[in-house]
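Modelling step: build the complete structure from the supplied sequences, incorporating the hints.
Residue numbers (my numbering), protein chains in the order written: chain H, 1 to 236; chain V, 1 to 568; chain S, 1 to 721.
Calculated from the structure, these hints are not laboratory results. The beta-carbon is built from N, C-alpha and C at its ideal position, and this holds for glycine as well. Mixed in with the good hints there might be a few duds.
Pairs of lysine to aspartate or glutamate, EDC-like flavour, derived with a Cα cap of 20 Å [to be verified]:
no., chain 1, residue 1, chain 2, residue 2
1, S, Lys-203, S, Asp-173
2, V, Lys-347, H, Asp-54
3, S, Lys-714, V, Asp-36
To be clear about the criterion: a stretch of chain H counts as covered by chain S if any three or more of its residues have a C-beta under 8 Å from a C-beta of chain S, and this derived list gives those stretches [to be verified]:
no., stretch
4, 91–105
5, 197–211
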Amino acid sequence: MSDTVTLTIDDHEITVPAGTTVLEAAAQLGVEVPVICYHDATTSNGLCRVCVVDVNNGRLLQAACVTACANGSKVETRNERVERSRRTILEMLNSAVDLQHAPAIQTLMSDYDADPARFPDAERREHALLDDNPFYVRDYSQCVLCWRCVQVCAEDAQYTFALTFDGRGFDTHIATAFDIPMPESPCVFCGQCVGVCPTGALKPKIQWGMEQGLTPDEIRQSTRRSRHRREEAEDG
Amino acid sequence: MDSLAEILAPYQGRQRDALLPVLWDMQTAFGHIGPDAVRQISHTLHVPEADIYGVISFYSLFSAAPTTETVIRVCTDPVCGLAGADEVVHRLCHRLNIQHDETTSDGKYAVSHTTCLGLCDHAPAALISQRGHEEIAVAPVSPESDLLELQITPPYQSIVRGDILLRGVDGRHVESLTDYGNYRALHHAITTLGPEGVIGEVEKSGLIGRGGAAFPTASKWKMTRQAAGQPKYVVCNADESEPGTFKDRVLMEARPHLILEGVALCAFAIGATKAYLFVRGEYPESTWRLQRAIDEATHAGLLGENIFGSDFSLDIEIRRGGGAYICGEETALFEAIEGDRGFPRIKPPYPTTHGLFQRPTVVNNVETLSTIPGIVEHGGDWFKQWGTEKSTGPKLVSVSGHVHRPGVYEIIPGMTLRQLLEDFCGGVVGNLQTVLMGGAAGTFLTPDQLEVRLTFEDLRAIRSTFGSGAIMVFNETADLPDILRRLGRFFKHESCGKCFPCQLGTQRQMEILERAAAPLAGDRERLHDIGLTMTESSLCGLGQTAASAVLSALEKWPDLFAVKGQPV
Amino acid sequence: MVAAPMLSPDHTVRTTCPYCGVGCQMNLHIKDDVIYRVSAPFDSAPNYGNLCVKGRFGLDFTTHPRRLKTPLIRNGGPGEFREATWEEALTLVAERLSQIVRESGGDSIATYACAKATNEDNYVFQKWVRAVLKTNNVDHCARLCHAGSVTGLQLAIGSSAMSNSIAEMEHLDTFIVTGSNTTETHPVISLFLKRAVRQNGAKLIVIDPRQIELTDFATLWLRQKPGTDVAVYQAMAHVIVAEKLYNEDFISRRTEDFNDYIESLEQFTPEWAEEISGVPAEQIRQAARMYAQADRAAFYWGMGISQSTHGTDNALALTNLALLTGHIGKPGTGLNPLRGQNNVQGCSDSGGLPNVFTAYQKITDPAIRGKFESAWHTSLSPDPGLTVTEMVDGALLGKIRAMVVMGENPLMSEPNLAHARHAMEHLDFTMCIDIFMNETSELADVILPSASFAEKDGTFTNSDRRVQRVRQALPAYGESRPDWQIVCDIATRMEKILEVEHSAGYDYPDAEAIWEEMRFLTPDFYGITYERLEHEGGVHWPCPTLDHPGTPYLFENDFPRGRGKFWALEYGTDSELPDAEYPYHLTTGRVLFHWHGGTMTRPSKLNEIFPEPILEMHPDDAHTLELVSGDWVEVSSRRGSVVCRVMVTGRSPVGTVFLPFHFVEAAANLLTLDKIDPRAKIPDFKMAAVRLRKTDAPMREGADIALDERGTIKDPTTYVH
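Here it is in structure tokens:
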């Protein structure tokens with residue numbers, strides 16, 4: 001097996017080491033393929049499919065982040081099929097998730113002419129803000145399910161395994177086991193999850209507080225306010 | 001009731017791949033799997049608690065929260081829907097004085113819905129879970145049937161017709177080892193043919209996989225045999241969940257030894273000593289019949305160590321699915337066996353090199369494996385005598401809906417759809433409106449297409465498919481939007497949520513299908529964009545086919561989703 | 001819902017974490033002079049995007065209202081102060097210290113350099129001490145953490161730093177972690193160790209009495225009785241020799257005294273060690289084989305084996321094992337004492353030690369001394385100064401009249417605190433430079449407010465000898481100033497008072513100018529410049545020339561002392577052992593959420609999650625004492641007693657209790673004893689005998705709240721990883 005492969009990406013020929021992804025090869029050519037879930041430091045799972053490209057005009061589009069370059073293949077990073085997929089994914093995402101604090105995705109929306117109101121009467125994934133620890137808040141209404149937080153909490157960094165997925169399909173959300181508050185979970189508050197969150201779903205509490213207009217002193221004094229919020233809510 | 005410790009005792013020293021069996025034991029014993037159970041499982045199997053919780057929440061038949069003593073789940077997929085499933089749910093709730101998905105005040109009953117139970121020939125069907133007992137699937141359930149009385153034995157007897165795989169199967173009799181005989185094909189393979197010889201006969205037979213992906217079986221076996229890495233595995237995909245499909249259930253219930261011998265032949269051919277039968281959780285009857293057959297065969301020395309005195313040994317283990325259609329996708333199925341949420345993996349790498357536990361694995365459908373003993377015993381040419389050049393051998397189809405005799409039929413590829421419906425199934429009840437070919441992930445055919453020959457190649461030519469072999473027949477009384485609505489709900493319910501197009505697309509598609517009676521302007525285009533996006537960009541076969549029925553309906557019926565008064 | 005607008009930073013500043021010795025690179029996102037978010041660059045060593053809770057969320061101390069804003073001058077009894085101007089305070093300090101120098105000589109002044117401050121701060125500090133105070137009485141808390149390792153490594157190979165870089169960890173084949181609860185004390189390093197095990201199949205051997213989180217990742221866990229470490233290591237060496245698993249080639253090329261050494265090992269059989277340590281002989285054999293037969297094996301250790309009366313022996317025993325097997329001098333092989341504080345390596349490197357100038361250039365070497373004398377235009381004392389443990393005794397004996405403490409809190413970190421406090425009360429003059437008031441500065445005559453890490457420029461040197469930049473991100477807090485500026489001002493004033501003819505030079509325009517002076521006097525640092533750090537992020541010293549790439553792993557071709565020396569060791573203990581009166585063994589250490597004396601972590605949100613000291617106790621002991629988690633106990637040793645709550649956990653072995661030392665309300669060091677290792681002078685922090693008595697809740701904030709309602713204090717052995 002040869003150590004390198006040669007392919008064309010948008011009519012540019014390029015030779016790369018075998019195993020290079022289409023995303024990496026395109027970047028070498030200066031061709032920017034959009035991504036949402038992809039992150040250099042986490043395992044790529046090909047989730048968002050915003051990075052799909054057309055390889056050899058195949059029946060299926062391929063996620064550039066997980067597709068290895070194949071010798072002799074012809075890749076189009078932007079054509080009508082690719083644009084329809086990207087646009088529709090962005091439109092569907094925007095109809096489900098609060099993306100106001102995700103500027104990179106907002107930029108993609110305008111790059112792909114995505115209509116923010118494409119899906120009227122669409123069910124949104126709405127979740128109450130979780131403010132259960134002194135360090136960060138979780139607003140899963142802003143979560144795009146990129147999985148990065150779950151991955152860095154597990155084998156991509158921390159090996160703490162405090163986070164998982166609850167439910168499936170559209171109703172999937174990130175949670176602790178039995179949805180227990182963070183301080184009761186194995187969480188060690190390393191904040192690797194906050195560090196890789198691409199939207200406003202995970203935020204340092206200080207940042208969130210300042211966005212709400214609180215002063216640092218007020219934030220300091222807002223102690224474990226909602227640690228037992230759920231129980232209070234259940235009580236009445 | 002067993003204590004947690006008693007349930008966990010046999011699992012000491014096991015690892016994560018024992019998670020699904022432990023969860024089943026807990027779910028059955030306690031009706032749910034709570035925090036204490038999860039903590040103890042975590043330490044026993046060395047799996048983080050959050051991961052266990054994530055797995056519980058993925059599978060429909062597991063519950064992290066306490067449930068009622070009895071949970072009644074009624075199938076509401078298209079065929080059961082046509083047969084009055086909604087009315088069953090309604091009456092049941094009324095009788096129990098609860099709403100759908102509610103619990104009776106005494107904590108005894110809850111009524112919910114389920115996706116297809118593979119009893120479409122006896123629609124409508126229901127699955128009853130009672131704490132401390134195995135699940136029971138019942139069909140047909142009429143609005144009057146007493147689902148609260150649990151001394152029910154399955155009354156269903158499928159109509160079965162066939163002379164090759166289904167020879168002697170009458171839907172009533174379960175074969176014993178004595179009926180079946182002492183695995184003659186396996187003996188022949190071990191003593192005469194050898195592994196290469198087995199693969200040679202399979203290759204000669206032209207056998208194409210019956211699971212839906214239509215991949216040549218021999219190639220798969222050859223690649224796995226040649227792949228580096230040990231051990232190798234055989235996985236029998238018995239997660240038959242495609243709405244309208246029940247042929248594998250019938251095979252498992254009637255011919256368990258035929259399947260086991262097929263599994264053993266595959267293991268022998270590729271060099272595996274361990275095989276899993278992944279049977280969907282909604283098939284309790286199949287599960288215990290297969291287990292009984294494994295015990296019988298092991299006892300007779302046909303499975304286990306040194307089979308027929310040779311070096312070949314094989315352990316076959318049944319894994320019960322937890323209730324997730326996605327686990328019919330082969331890599332999702334591996335994840336389930338390994339004790340994870342059933343998220344499909346990115347391919348490549350393919351199972352032939354990186355399958356179960358990242359080892360070379362053959363995963364074949366039940367029907368595919370059940371053809372193997374015949375091919376090995378009589379030779380590939382024997383199998384090829386039936387069918388066309390590209391669609392060899394007999395093929396099973398599940399026919400349900402508006403025909404006089406819904407059931408499982410062994411057809412010889414080449415016969416037309418009309419012949420099947422008229423000659424085998426006793427004809428359509430009423431006037432045919434449409435046939436949904438290939439299951440929920442299939443395509444609609446119209447009456448003018450009845451002359452299509454039932455072969456892989458002819459169906460492909462009209463952009464249809466055998467798929468899982470499901471053929472759902474609807475007459476003019478069926479409400480097309482209602483069928484689409486049920487399909488939409490099915491995919492929304494079964495999308496695993498991994499990739500965005502399917503996770504979001506199945507939801508948005510369902511929402512638009514729900515309002516089919518009063519569509520909004522642009523809904524047709526929305527469905528079109530969602531459909532093509534899911535088809536072209538989803539990660540796995542589920543998403544890639546979740547819109548195929550809808551897209552074919554849009555094509556066949558231009559008026560669908562048209563807003564009144566507006567041009568289409 | 002319309003969300004509040006997203007905060008965007010006024011500026012972001014790349015800097016180095018001020019907590020443990022890992023030296024994580026971080027970006028501070030600043031809005032309105034508040035650090036509202038901390039991120040980490042994913043492309044940079046040593047942390048590659050990772051941080052721990054302290055670095056990520058524990059920097060709010062920088063703007064805590066209790067920060068010192070102005071100089072304070074004692075006005076009455078301990079803890080009573082009045083605000084003063086800088087002019088007044090600096091003049092007072094300069095006059096008093098000058099007076100003492102004149103009356104009693106500089107050797108009557110003891111000084112604490114600071115393992116939290118920058119290299120530049122410490123360089124200037126020791127320059128002032130040596131050139132103006134004319135004494136070598138400068139030491140710092142490294143004495144209390146790694147003196148055992150330093151002394152042992154110096155004796156055996158001539159260098160005491162970590163031999164490997166953090167980046168090499170992922171490629172380990174086999175590694176032994178001993179006396180280090182790495183996941184809590186060096187959290188980010190532990191990530192690479194965990195990854196080595198889980199992703200790359202490395203074998204981990206844990207040798208530790210406590211069931212630390214890493215045991216969950218270990219192939220083998222040797223649970224020795226506390227204080228019996230040497231027995232286990234020696235028996236491993238015995239096995240390696242008996243089974244001829246040693247590396248003859250390496251031994252003949254690179255070591256000396258091998259024959260004497262193997263003779264000395266004869267008695268240390270695994271069975272003998274089992275008797276002493278409780279570790280099954282077979283496990284010792286397995287560990288020895290696993291280590292010896294690995295391709296690349298390394299040791300990682302922490303305070304657990306260093307803070308001991310036999311700390312030096314422990315380090316020697318580990319070095320013996322590395323020399324026996326040749327597991328040193330190649331990537332991924334070596335000896336790695338994990339440094340506890342952000343700049344404890346750098347403080348030592350910058351000359352904050354009583355016997356050496358920068359980079360361990362000996363003060364006793366006339367040529368070296370001459371170099372510094374001519375650079376500083378003065379004569380320097382050739383006599384090694386006092387160590388921190390000796391300073392306390394010196395104060396008690398009247399030999400020490402004044403103490404200068406820069407950014408340390410000896411009245412939390414010294415052993416036998418009552419004794420230390422008593423000694424410090426004897427002093428004529430005490431000056432502290434700090435960012436917060438603490439237990440020590442309450443006794444001071446003058447307190448000078450200093451800049452935190454976020455308010456100044458400079459460099460830190462992390463545990464793997466990587467010099468990295470610290471950059472100013474926030475304006476000065478109140479009137480606080482960088483430590484080096486404060487020291488320069490005092491030095492300049494003192495030179496004037498003492499009528500020094502030719503100033504040693506304290507008029508640096510910025511931190512970089514200090515570094516420049518330092519690198520010109522220090523061959524090992526010469527190749528490192530701020531400009532290089534700007535481009536490369538960090539450079540591992542030794543780095544002798546501007547085009548030298550730096551040295552990620554040490555000892556490839558030789559050891560600083562030439563050949564590695566085997567040391568024959570005796571086994572014995574003079575630690576305080578449990579007896580009828582004090583039947584429990586107390587061991588002390590850190591928890592994830594706090595750091596050192598708590599100066600920075602207690603005025604932080606970190607304190608909310610771990611708000612109080614907790615005594616870890618084995619369930620069997622709890623059963624005997626009829627205690628359950630959350631009960632209050634009085635813990636008493638022969639030196640003092642403290643009251644705190646109990647957490648029942650299998651983490652500690654039967655008979656051993658663990659108490660973190662961060663909490664003033666139950667200061668663990670009131671209980672520890674000031675017995676020291678004879679060579680390293682490090683105290684026996686891990687070994688004290690205590691008795692336990694159930695008691696009532698004290699009058700203390702939060703004492704009325706149930707334990708499980710407070711913070712996240714939970715039994716870590718609950719979770720599977």
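Right, here's what the structure says about each hint:
1. Straight-line distance between C-alpha atoms of S:Lys-203 and S:Asp-173 comes to about 6 Å, which keeps the hinted pair within the 20 Å bound.
2. Restraint check for V:Lys-347 and H:Asp-54: the C-alpha separation of about 16 Å stays at or below 20 Å, so the hint holds.
3. A hinted pair counts as satisfied when its Cα atoms are at most 20 Å apart, and S:Lys-714 with V:Asp-36 qualifies at roughly 16 Å.
4. Given as covered by chain S, the stretch 91–105 of chain H passes the check, having 4 residues with a CB less than 8 Å from a CB of that chain where 3 are the minimum.
5. Only when three residues or more bring their CB closer than 8 Å to a CB of chain S does the claim for the stretch 197–211 of chain H stand; here the count is 8, and the claim holds.
In this structure, none of the earlier numbered hints is contradicted; all agree with it.
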